[in-house]
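S.K.: Produce the complete structure using the sequences and hints provided.
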Amino acid sequence: MIPLSHVLALSITLFVIGAAGFIFRRNIITVFMCIELMLNAVNLAFIGFSRYLGNLDGQLFVFFVIVVAAAEATVGLAIIIAVYRDRSTLNIDDLDSMKM
Amino acid sequence: MPVLFYIFAALAVLAAISVVAHRTPVYSALSLIVVLCSLAVVYLLLGAEFIAVIQVIVYAGAIMVLFVFVIMLLNAGREMPSQRSRIARWLGAPLVAAFLLEVLLAVWKQFPSASARPAAPLDAGPAAIGHLLFRNYVLPFEVTSILILVAILGAVVLAKKEF
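Going line by line, the protein sequences match chains H and U.
Take the first sequence: its position 52, counting from 1, is numbered 52 in the numbering used here, and each next residue is one higher.
One rule links them: number in the numbering used here = place in the second sequence (from 1) + 100.
In short, the hints are calculated from the structure, not lab data.
Treat the numbers as computed from the prediction; the structure is a model and nothing was measured.
No residue lacks a Cβ here, since even glycine has one placed at the ideal position from N, Cα and C.
Honestly, I wouldn't trust all of these hints.
Unchecked claim - Covered, in the sense of this in silico footprint (three residues per stretch, anywhere, with C-beta under 8 Å from a C-beta of chain U), are these stretches of chain H:
1) 13 to 27
2) 40 to 54
3) 74 to 88
M.R.: Written out as structure tokens, the structure reads:
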């Protein structure tokens, strides 16, 4: 049987790697993928707790997180395309003003 | 089968490091697909069959195709190294490692491996999830449909040629 602490350790490791990439990377698409990585780490924690508390609600939360992530990816990538069309760059160091 | 869990956990961590370490976005996207698929196996081992299938279909299927499509569309190549302060470059990785250790230690204290006794295996098939979804979570479900509608409209408006 897999102990809960090992599931949580995997979840935390993935989350910290995602957070580090969010800070380190300069390409806006890679930064966006690191956000997806962090969402997945949180999903894993939900599934682990759902298994160990014997409660199905955690899996429903993961379901909603996946749906929201899909919506977020759609709008986020549309924004990236619009920004790229305007500025011709994907480097977040150059994208430092909100005004188009 | 705990052995499978550790194999796929190691695979997920290695692929996640590869997501962060690669400078070319396409390599990061492909590594992220490996992370998502190995997490689906971990979900399966934890008794969440429905979520595992959803993970492969929606995440590894739909969302990552969108990512790869945008990377190809924008022709995103190698990213330039940033010209920021030297302190940040040297302190970054040790600070991340310290943060990881600290949180792991906190979880280890909170959930010692011996004390957590798993509950009886759940019935996590589509029928059980559907019952719960349409009985206890009807309002969030409906709100989600509005969210997706807004996301579709937003994407169409943003992707138009001029604002």
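S.K.: Tell me the numbers of any earlier hints that the structure contravenes, in ascending order.
M.R.: No numbers; nothing is violated.
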